[in-house]
Amino acid sequence: MTRYDSLADAVGGTPLVGLPRLSPRWDAAPGQPAVRLWAKLEDRNPTGSIKDRAALMMIAAAEADGRLTPGCTILEPTSGNTGISLAMIAKLKGYGLICVMPENTSAERRQLLEMFGARIIFSPAAGGSNQAVAMAKQLAAENPEWVMLYQYGNPANAQAHYEGTGPELLADLPTITHFVAGLGTTGTLMGAGRFLREKAPGIQVIAAEPRYGELVYGLRNIDEGFVPELYDDSVLTSRFSVSSYDALRRTRDLVEHEGIFAGISSGAILHAALAAGERALKAGERADVVFIVCDGGWKYLSTGAYSGSLQQSAEKLEGQLWA
Amino acid sequence: MAVEVKIPTILRTYTGGAKTVPGEGDNLAALLDDLESRHTGLKNRLVTEDGSLHRFVNVYVNDEDVRFTGSLDTALTDGDAVTILPAVAGGSAEPGTGGSPACGLAGGSPAPGLADPVR
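So the protein sequences, as listed, match chains A and B.
Per my numbering, residue 1 is the first one in the first sequence, and the count goes up by one each step.
Per my numbering, residue 1001 is the first one in the second sequence, and the count goes up by one each step.
Warning: the hint list may mix true and false statements.
[Said to hold, decoys possible] SDA-like mimics (lysine to any residue), calculated; alpha carbons at most 20 Å apart, straight line:
hint : chain 1 : residue 1 : chain 2 : residue 2
1    : B       : Lys1043   : A       : Trp38
2    : A       : Lys316    : A       : Glu108
3    : B       : Lys1043   : A       : Leu41
4    : A       : Lys93     : A       : Phe116
5    : A       : Lys91     : A       : Ala10
6    : B       : Lys1019   : A       : Glu318
7    : B       : Lys1019   : A       : Lys199
8    : B       : Lys1019   : B       : Thr1069
9    : B       : Lys1019   : B       : Asp1033
10   : A       : Lys137    : A       : Cys72
11   : A       : Lys91     : A       : Glu145
12   : A       : Lys137    : A       : Arg67
13   : B       : Lys1043   : A       : Glu224
14   : A       : Lys199    : A       : Ala61
15   : B       : Lys1019   : A       : Glu315
16   : A       : Lys91     : A       : Ile121
17   : A       : Lys91     : A       : Ala61
18   : B       : Lys1006   : A       : Glu108
19   : A       : Lys91     : A       : Asn104
20   : B       : Lys1019   : B       : Gly1051
21   : A       : Lys282    : B       : Asp1050
22   : A       : Lys91     : A       : Phe116
23   : A       : Lys137    : A       : Leu230
24   : B       : Lys1006   : B       : Gly1041
25   : B       : Lys1043   : B       : Gly1017
26   : B       : Lys1006   : A       : Glu318
27   : A       : Lys93     : A       : Trp38
28   : A       : Lys91     : A       : Gly66
29   : B       : Lys1043   : B       : Phe1056
30   : B       : Lys1006   : A       : Asp223
Because the hints were derived from the structure by calculation, they are not lab data.
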């Protein structure tokens, strides 16, 4: 069924596609089990990113518990995609939206947010996501009439993936052995990871986290660090830190070898998925490795990620939040 | 085992400003003891009194988080790259800025822990 009563109803149900060219071994042979990679194309959601799932569920949960009523204004710290998803659903449902976001995010994200009618409050680039979160918390305290959904600590964020992403993956690929996703709010990994661990015993749940230049954060000491309230490391089996360079390289591999035009964080996730696949190959084990394509590449064209030398592009990305 | 340790900016006061320092040890605990012998005070910033890693500190061996490989018992071999990073919203901050070799620009080779099957 591909007919829906509204755009919000069209969230989820995204395709899972094989990567026969990038997989370590797509076809099995005697004594050589297949090690296959599969991409979950979350760019096929209505606003073009996986964040539609969390935004829809967080708004539904806030409506159900009475915090969100018609005419309310939603406040959220976001580096882009969550804001764009919230803006679309807020528009459909008649809510206002204020996004607090670092000023060093891509121009396309700002333009999309403004197009959907969201108001943007910029936090200083030097303070990174940490300061956007801190500023949003302060604004929420000063403006109790605004409703902060707070994706980093809202259980509905993870629940969207426990009820949606996880079951979709298991239904499409019952032989799944690895699930690889990005670690930001941690909602995708916590939700889908928990579901898959319950239903697919022995599955590996692998996190790929972006590694930015330190200036992006402006940390003065270790105690200013931040771990999302949703994060529970017992759900994961391993966690990789991926540089801008490797993320870019894999993003280009995706489009060059498989025709998938993805955003940069998806390249970082593919990098970790390939590492998991190579380990399985060396161990002589069958593997079906699923990784998340979080969004398409459209919003990152202005970053120069897709043209010129990799080194030049990586240098341009320094100082930007690309995930 | 001789390894290279990348130090984040906020901890370079303990290394005389050095971005990377050499160290030795069969596992991470031994490495941190070795570093402490030359960079007094560094270990206390990374490990709590009960002997576990500080909540806002992430340590990676060849880009893999040691909390999933045995924490301080994680074994080290010659040539491993150990990276210390502060935990931040949306990812981890990298030692060095502006296209430093730490972000993988030097030579463009993959990190040892992450295979490179694409040829």
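Comparing the hints with the structure gives:
1. B:Lys1043 <-> A:Trp38: With a Cα-Cα distance of about 41 Å, the restraint between B:Lys1043 and A:Trp38 is violated, given a limit of 20 Å.
2. A:Lys316 <-> A:Glu108: holds (16 Å)
3. B:Lys1043 <-> A:Leu41: Violated: B:Lys1043 and A:Leu41 sit about 43 Å apart, past 20 Å.
4. A:Lys93 <-> A:Phe116: Holds - the C-alpha atoms of A:Phe116 and A:Lys93 are around 13 Å apart, at most 20 Å.
5. A:Lys91 <-> A:Ala10: holds (15 Å)
6. B:Lys1019 <-> A:Glu318: Holds, because 18 Å separates the two Cα atoms, which is no more than 20 Å.
7. B:Lys1019 <-> A:Lys199: violated (45 Å)
8. B:Lys1019 <-> B:Thr1069: Violated: B:Lys1019 and B:Thr1069 sit about 25 Å apart, past 20 Å.
9. B:Lys1019 <-> B:Asp1033: holds (19 Å)
10. A:Lys137 <-> A:Cys72: Given pair A:Lys137, A:Cys72 holds - Cα atoms ~17 Å apart, limit 20 Å.
11. A:Lys91 <-> A:Glu145: holds (19 Å)
12. A:Lys137 <-> A:Arg67: Satisfied, since the Cα-Cα distance of roughly 17 Å is no more than 20 Å.
13. B:Lys1043 <-> A:Glu224: The given pair, whose Cα atoms are some 18 Å apart, holds under the 20 Å limit.
14. A:Lys199 <-> A:Ala61: Violated. A:Lys199 to A:Ala61 sits at ~25 Å, over the 20 Å cutoff.
15. B:Lys1019 <-> A:Glu315: Judged against 20 Å, a Cα distance of about 19 Å means the pair holds.
16. A:Lys91 <-> A:Ile121: holds (18 Å)
17. A:Lys91 <-> A:Ala61: Within the cut-off at roughly 17 Å; holds.
18. B:Lys1006 <-> A:Glu108: Roughly 34 Å between the alpha carbons, so the hint for B:Lys1006 and A:Glu108 is violated.
19. A:Lys91 <-> A:Asn104: Status violated; Cα separation ~25 Å.
20. B:Lys1019 <-> B:Gly1051: violated (25 Å)
21. A:Lys282 <-> B:Asp1050: Since the Cα atoms of A:Lys282 and B:Asp1050 sit roughly 37 Å apart, the hinted pair is violated (cutoff 20 Å).
22. A:Lys91 <-> A:Phe116: holds (7 Å)
23. A:Lys137 <-> A:Leu230: Roughly 16 Å separates the two Cα atoms, so the pair holds.
24. B:Lys1006 <-> B:Gly1041: holds (16 Å)
25. B:Lys1043 <-> B:Gly1017: Given pair B:Lys1043, B:Gly1017 holds - Cα atoms ~16 Å apart, limit 20 Å.
26. B:Lys1006 <-> A:Glu318: holds (18 Å)
27. A:Lys93 <-> A:Trp38: Not satisfied, since the Cα-Cα distance of roughly 35 Å exceeds 20 Å.
28. A:Lys91 <-> A:Gly66: Satisfied, since the Cα-Cα distance of roughly 19 Å is no more than 20 Å.
29. B:Lys1043 <-> B:Phe1056: holds (14 Å)
30. B:Lys1006 <-> A:Asp223: holds (19 Å)
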